[in-house]
Amino acid sequence: MISKEEVQRIAKLARLGLSEKETEKFQKELSSIFDYVEELKKANISKVEAISHPFKIENVVREDKKRKEKSDSRKLIEMAPETEKGYVKVKSILK
Amino acid sequence: MNLLELTINQIHKGLKGKEFSALELCQEYFDNIRDKDKKISSFLSINEEFALSQAKEIDGLIAKGEEINQLTGVPCAIKDNILVEGLKCTAGSKILENYIAPYDATVIKKLKEQRAVMLGKTNLDEFAMGASTENSAFGPTRNPNDLTRVPGGSSGGSAAAVAANLSCYSLGSDTGGSIRLPASFCGVAGLKPTYGAVSRYGLIAFASSLDQIGPIAKTVEDCRAVFNAIKGKDEMDSTSVDLIPHSKTPFPDKEPKYKFQISNLRIGVPKEYFVKGIDPEVEKIIKGAIKKYEEAGAKIEEVSLPNTKYANPAYYIISPCEASANLARYDGIKYGYSEKGNQDLLEVYLKSRGKGFGLEVKRRIMLGTYALSSGYYEAYYLRAQKVRNLIKNDFEKIFKKVDVLMAPVSPFLPFKIGERTEDPLSMYLVDIYAVSVNLAGLPALSLPVGKVGNLPVGLQIIGKPFEEEVILETGNFFEKSLK
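From first to last, the protein sequence lines are chains A and B. With the numbering used here applied, the first sequence corresponds to residues 1 to 95, in that order. With the numbering used here applied, the second sequence corresponds to residues 96 to 578, in that order.
Just so you know, these hints were derived from the structure itself, not from any lab. Keep in mind that the hints are not guaranteed to be accurate.
What the hints assert, rightly or not - Rough simulated footprint, nothing fancy, chain B against chain A, three-plus residues with beta-carbon under 8 Å:
{"hint": "1", "region": "36-42"}
{"hint": "2", "region": "48-61"}
{"hint": "3", "region": "73-82"}
Ideal Cβ positions, reconstructed from N, Cα and C, are used throughout, including at glycine.
Using the sequences and the hints given, assemble the complete structure.
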């Protein structure tokens with residue numbers, strides 16, 4: 001069983017605020033899901049490489065030239081919950 | 096003539112022959128949505144004013160005698176994780192409840208070029224994470240065949256809308272069965288294209304190495320028409336490619352216009368897809384459908400994909416890992432839900448994400464973050480990536496012997512709303528026959544081949560990479576000759 005502290009540590013890494021009830025719930029559920037994926041330990045992977053995509057993909061390159069802007073940056077900035085003078089506003093991190 | 100029952104081709108002919116107008120057709124659909132969707136809840140938002148003005152414009156073009164495309168004027172519905180400029184795009188999440196798409200997804204751009212009429216946006220499990228559409232922050236969609244049951248997920252709204260004649264066709268997305276499962280549960284056709292066949296630009300990302308957009312429609316032929324309109328390489332998605340078939344069997348002609356011959360078709364039936372746990376009634380219908388292909392002249396061979404049992408565990412490591420990274424962008428700062436108040440930056444993150452995301456999304460972010468955290472990475476993520484290669488190799492070997500594989504989409508019939516929500520693992524097992532296809536990047540079709548009572552059963556036809564045409568022809572043969 002995954003400990004409560006472990007769940008809280010992972011939640012903080014994931015930047016997820018969890019309620020007490022959710023923390024307890026996830027403690028049980030994550031444990032049972034990780035038990036389920038234990039099955040993977042039986043697979044014979046000694047001779048295979050890890051793949052991150054189904055097919056080999058190649059880098060796409062283009063000339064280093066300025067491209068036409070496709071979207072209006074103002075429109076994107078306006079979507080932010082807090083803005084000031086055309087910038088996205090963030091809480092101060094230096095006290 | 097019931098306009099709502101027409102296929103894409105029938106609508107195309109009807110519009111060209113001026114048997115009805117695009118406006119009449121569009122109004123008919125909106126009337127039906129108003130009439131039925133209160134009970135089904137397949138749409139999250141509708142786009143009536145714009146759709147009607149589009150339809151009027153198309154009627155003007157037709158009146159002037161201009162040529163129209165196959166999809167021109169054909170009403171469609173779009174899963175609400177695909178961006179349509181100027182329309183809300185929620186991904187079924189509270190965190191994007193008021194998000195307005197700032198641009199068109201590439202698939203939408205392509206449909207607009209064809210002058211498709213978009214009726215609205217359809218319901219889904221939050222961020223496409225689920226197999227029942229019960230994880231939507233805006234309430235579940237119901238199965239039109241039985242309102243007490245789920246439509247499957249995550250593209251449940253898209254499939255239910257087509258099944259209930261609330262849209263002629265729709266777009267869905269498939270990360271681990273999310274097009275095929277709801278197509279199967281609702282009794283319509285659904286195509287999950289090869290990874291890279293359709294651009295993902297403008298699809299809200301869940302697991303980027305698995306996600307694909309594809310069509311859900313009344314018939315296989317309709318799926319093909321939509322697929323042909325949306326496929327192709329796109330400079331905005333570096334993983335997209337142009338379709339080049341790897342082999343041409345069972346098509347003796349070398350011409351790009353394939354000729355399908357049932358006697359040349361070799362069908363593999365993977366024994367691992369018919370094991371304990373499958374509903375015997377589902378098994379009976381699937382085996383019966385395969386038998387029909389055999390009687391029509393196809394060669395049937397039992398085959399083995401020995402690593403099938405590892406597919407679902409590998410999927411439930413790989414997809415949450417990718418999701419935990421993809422969903423890091425929802426931070427309460429750039430866009431989307433933000434918890435207001437006098438607090439520091441960390442608190443903004445914790446509270447916005449804690450309140451904005453639903454339970455299943457949080458669960459997957461937790462799973463992914465755990466599996467990727469230091470000390471666990473090799474045991475989980477790296478191991479799952481190697482197992483993914485084993486699964487891919489299984490398919491490559493088998494596809495040297497056969498042209499397509501046939502199996503159920505799901506071991507289960509559509510289940511009752513609420514039946515599997517308490518135990519997340521029981522929900523994860525619904526897609527056990529679907530996820531291998533995403534891990535290996537293959538194309539697969541879900542085709543309705545029978546019913547148990549009023550509950551539909553879908554046959555899954557899996558093909559070689561970029562051989563959509565082979566599985567579409569194989570499915571089409573059933574609809575035309577074996578039904």
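Hint-by-hint comparison with the structure:
{"no.": "1", "hint": "36-42", "in the structure": "holds (count 7)"}
{"no.": "2", "hint": "48-61", "in the structure": "holds (count 11)"}
{"no.": "3", "hint": "73-82", "in the structure": "holds (count 6)"}
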